[in-house]
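Chains as they are written, first to last, in this note's numbering: chain A, 405 to 718; chain B, 405 to 718; chain C, 405 to 718.
Derived from the structure by calculation, the hints contain no laboratory data. One or more hints might be untrue.
A pair counts as met if it fits within one copy or between any two copies, since identical chains are not told apart.
With a cut-off of at most 27 Å between alpha-carbon atoms, the simulated DSS-like pairs for lysine-lysine come out as follows [to be verified]:
1. Lys410 to Lys434
2. Lys604 to Lys443
3. Lys434 to Lys495
4. Lys442 to Lys495
5. Lys554 to Lys495
6. Lys588 to Lys554
7. Lys410 to Lys442
8. Lys410 to Lys604
9. Lys443 to Lys554
10. Lys410 to Lys495
11. Lys443 to Lys584
12. Lys443 to Lys659
13. Lys710 to Lys604
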Amino acid sequence: MSWNRKHLLDIQSLSADEIVTVLDTARAFKGVGERAIKKVPALRGKTVINLFIEPSTRTRISFELAAQRLTADIINFTAEASSLKKGETLKDTARNLEALNADIIIIRHSATGAPHFLSRFLNASVINAGDGAHEHPTQALLDAFTIREKKGRFEGLQVTILGDILYSRVARSNIWALLKLGAKVTLCGPSTLVPREFEKLGCHITYDVSEAIANADIINLLRIQHERQRKTMFPGTGEYTSLFGLNRARLGLTKPDVLIMHPGPINRGVEIDSSVADCSRSVILEQVTNGLAVRMAVLFLVNGGKGPQEVAAQ
Amino acid sequence: MSWNRKHLLDIQSLSADEIVTVLDTARAFKGVGERAIKKVPALRGKTVINLFIEPSTRTRISFELAAQRLTADIINFTAEASSLKKGETLKDTARNLEALNADIIIIRHSATGAPHFLSRFLNASVINAGDGAHEHPTQALLDAFTIREKKGRFEGLQVTILGDILYSRVARSNIWALLKLGAKVTLCGPSTLVPREFEKLGCHITYDVSEAIANADIINLLRIQHERQRKTMFPGTGEYTSLFGLNRARLGLTKPDVLIMHPGPINRGVEIDSSVADCSRSVILEQVTNGLAVRMAVLFLVNGGKGPQEVAAQ
Amino acid sequence: MSWNRKHLLDIQSLSADEIVTVLDTARAFKGVGERAIKKVPALRGKTVINLFIEPSTRTRISFELAAQRLTADIINFTAEASSLKKGETLKDTARNLEALNADIIIIRHSATGAPHFLSRFLNASVINAGDGAHEHPTQALLDAFTIREKKGRFEGLQVTILGDILYSRVARSNIWALLKLGAKVTLCGPSTLVPREFEKLGCHITYDVSEAIANADIINLLRIQHERQRKTMFPGTGEYTSLFGLNRARLGLTKPDVLIMHPGPINRGVEIDSSVADCSRSVILEQVTNGLAVRMAVLFLVNGGKGPQEVAAQ
């Protein structure tokens with residue numbers, strides 16, 4: 405199926421076919437990362453802006469490298485939302501960047517809906533690199549890419565997402581992607597952080613970690629963000645680790661071919677035991693590599709690419 | 405007329421013919437921004453340094469994109485003047501950058517004359533990106549470019565500059581450019597901030613905003629910088645807005661084809677009303693687009709380009 | 405002799421032949437900096453990461469420009485060691501960068517041995533850009549390059565290193581390089597900062613600055629770092645200047661063809677008098693220029709280049 409969207413704002417509004425088109429295009433680009441010369445001219449002379457209003461090193465660098473490999477020019481524009489508020493509105497900042505002939509604006513923002521807002525008035529393409537607790541679509545796409553690469557399918561797979569579901573944009577985007585692609589999703593974590601509302605989407609909810617991981621084909625651990633975690637809803641870190649941390653003992657309860665995933669950066673000894681992070685079932689570093697391929701695919705597609713068949717010619 | 409300068413330090417020392425050469429060259433480059441592949445090889449293998457000793461995101465990015473479109477390599481060197489003082493003199497910093505084979509050094513500095521100082525001992529070209537309250541020549545050139553594009557001439561045009569004239573390098577560079585090109589300049593703002601001395605240059609001065617805008621073909625609003633404004637000389641923001649802010653009522657007093665300009669970023673509701681900023685007479689975003697073309701032209705010319713006739717071949 | 409190393413971790417483990425191979429390769433690259441188009445395609449499509457966990461503008465920019473001139477893609481990853489500790493280990497950060505298909509990781513870190521540590525588990529090449537008080541190999545290589553260019557040989561040369569030897573990685577790397585290449589090394593500085601242990605390596609030690617400089621062919625001054633200097637071991641800055649600063653009077657005691665070197669940035673009036681820094685014997689700015697050529701050579705060699713004979717073809 406041909407891609408026809410100008411923006412990538414979320415997973416929720418994508419069809420399963422569109423998601424598969426991104427994954428197929430990413431597969432074609434993954435090979436570029438293994439070449440001696442890791443570059444294709446697909447976006448030569450295009451201008452990409454990393455508009456990061458919430459700090460992030462990792463996702464910014466992944467997009468930056470993806471743009472470089474497509475031979476685009478890329479500019480980093482980073483600011484705190486608070487300092488933006490002082491002077492200029494987000495709308496004015498974005499329109500100024502567009503006035504500099506930006507072709508693609510990648511936005512990370514602490515406010516839900518910021519990318520959708522930009523897409524309403526910009527002619528440039530908009531890519532959501534994380535908006536509040538809403539969505540982080542390229543993370544879900546790279547997770548889906550990794551699952552497909554390892555398991556060969558989605559239909560019938562049991563995926564458990566473990567952690568602070570309520571405030572996680574990674575969880576939301578993953579839930580949308582996995583359900584559309586035919587997997588079954590179980591959510592687990594402290595009861596204050598895994599609301600029953602997610603059952604309406606079709607997720608199974610449990611607060612019992614042993615049950616959650618026993619039949620899982622994939623366990624996707626969310627990062628515990630010490631500094632950001634809301635004190636009133638979150639148990640102490642030590643308590644979280646003992647109740648929900650994935651350690652050797654718990655790994656013993658899982659299927660022998662379970663995949664351990666994590667969006668990074670990992671907190672060794674908190675949500676994941678060091679030995680589990682480094683074991684052969686962990687695909688955490690492969691997720692990082694796949695993220696680059698997925699972001700190349702997304703940049704390529706929102707810029708007018710149609711799908712994987714066009715990548716071979718690069 | 406052929407360009408023969410190695411540096412762009414100010415507008416004051418340029419002839420009208422030289423200014424027109426920059427504008428003509430910028431017009432030739434503006435088309436590059438509209439191409440599918442927004443790049444020309446004019447500065448391939450040249451090294452450009454953004455030496456920003458005073459923070460600025462917007463002007464830095466505009467120069468960075470301009471350099472990228474000319475296929476130059478560009479490095480950002482940013483520092484606070486205060487931290488520079490701790491160890492190394494500005495002269496040593498600049499000579500070190502030149503020792504790295506820099507071809508062009510773009511400098512922003514809080515001290516008047518910093519670019520002129522560098523030009524005295526460097527072999528590299530120097531471009532002034534704003535020095536204290538002295539000059540900001542590329543801003544004046546992009547303003548002149550925008551005026552010529554919209555009005556087709558300078559001769560006989562009435563340009564009103566409104567705001568804190570005393571401390572504005574944008575105002576100074578605009579005054580020099582406009583008077584050289586044959587326009588008439590009116591300055592208006594709080595009396596403490598619009599000194600009579602500017603009359604000697606040939607400007608008309610008034611403290612009556614209605615008079616200042618009534619016959620203007622162009623109104624160029626200066627940005628009110630909340631945080632920097634000197635408390636003893638500046639009325640409160642609210643008072644400034646009520647006395648000098650360009651609102652709907654005041655817009656009603658202007659010529660029907662007046663152009664509203666602003667160097668950005670704008671403070672909606674302070675020096676400019678939101679509806680005025682977004683009205684059809686406002687060319688604020690076009691200024692941003694033109695800024696890129698003007699900065700490409702300046703980089704091209706100080707690097708040995710002669711004028712617009714050479715751009716067509718790119 | 406052909407280069408066969410994947411990493412550049414220190415000078416201590418290099419042979420004299422290997423050092424000469426770097427210098428010869430750098431000489432071949434130095435000419436690139438003087439071309440109209442200062443670029444060669446040697447590292448096209450390669451990804452270089454500047455992983456600077458200790459702040460540095462100068463060395464980072466030198467590597468950044470070197471990578472650009474080799475047509476590599478380069479990403480800056482800067483962080484404070486303290487913030488790294490909060491979440492992610494250095495090992496995880498490095499493995500994540502490698503998962504992004506990084507070919508070369510340039511690391512500066514406040515901890516001795518950090519580059520060696522990375523080299524044990526990474527497939528990417530590692531370049532040490534300064535680790536604690538241990539080594540700064542590219543600085544020693546550019547110093548050696550400058551000495552050879554000016555003096556034509558190392559055998560029999562008297563090199564005096566003057567300053568805080570104890571805490572200086574520049575001193576350590578220089579000592580290894582110079583002794584391997586056949587020069588004689590004298591160390592001088594306050595007695596608390598020039599330990600006798602260096603005699604075991606073959607250095608001559610003196611606390612008498614007149615003796616140290618009298619027969620020197622090269623005087624290499626170390627930077628006094630006001631803010632970092634340990635109070636209990638370091639005399640006051642004024643005292644240091646009067647006892648060890650290189651001023652006009654002391655310059656009068658030196659050989660007429662002595663070279664004055666300094667890794668920069670210099671403190672005028674502290675470890676070096678302004679007139680000495682700018683005199684004809686000073687090669688401080690040439691060191692900066694040579695640093696770029698040396699870093700191009702190092703990037704080229706760790707990426708699989710064999711030596712200078714391959715550069716001519718670029």
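Status of the hints after comparison with the structure:
1. Lys410 to Lys434: both (22 Å within a copy, 25 Å between copies)
2. Lys604 to Lys443: For Lys604 and Lys443, neither the intra-copy (44 Å) nor the inter-copy (51 Å) Cα distance is at most 27 Å.
3. Lys434 to Lys495: Between copies only: 24 Å across, 35 Å inside.
4. Lys442 to Lys495: between (35 Å within a copy, 24 Å between copies)
5. Lys554 to Lys495: between (41 Å within a copy, 25 Å between copies)
6. Lys588 to Lys554: For Lys588 and Lys554, the Cα distance is within 27 Å only inside one copy (17 Å; across copies 60 Å).
7. Lys410 to Lys442: Close inside one copy (26 Å) and across copies (19 Å); limit 27 Å.
8. Lys410 to Lys604: So Lys410 and Lys604 fail the 27 Å test inside a copy (30 Å) and across (55 Å) alike.
9. Lys443 to Lys554: For Lys443 and Lys554, the Cα distance is within 27 Å only inside one copy (26 Å; across copies 41 Å).
10. Lys410 to Lys495: Within one copy only: 19 Å inside, 38 Å across.
11. Lys443 to Lys584: For Lys443 and Lys584, the Cα distance exceeds 27 Å both inside one copy (32 Å) and across copies (41 Å).
12. Lys443 to Lys659: neither (39 Å within a copy, 54 Å between copies)
13. Lys710 to Lys604: Close neither inside one copy (34 Å) nor across copies (63 Å); limit 27 Å.
Of the hints listed earlier, those the structure fails to meet are numbers 2, 8, 11, 12 and 13, in rising order.
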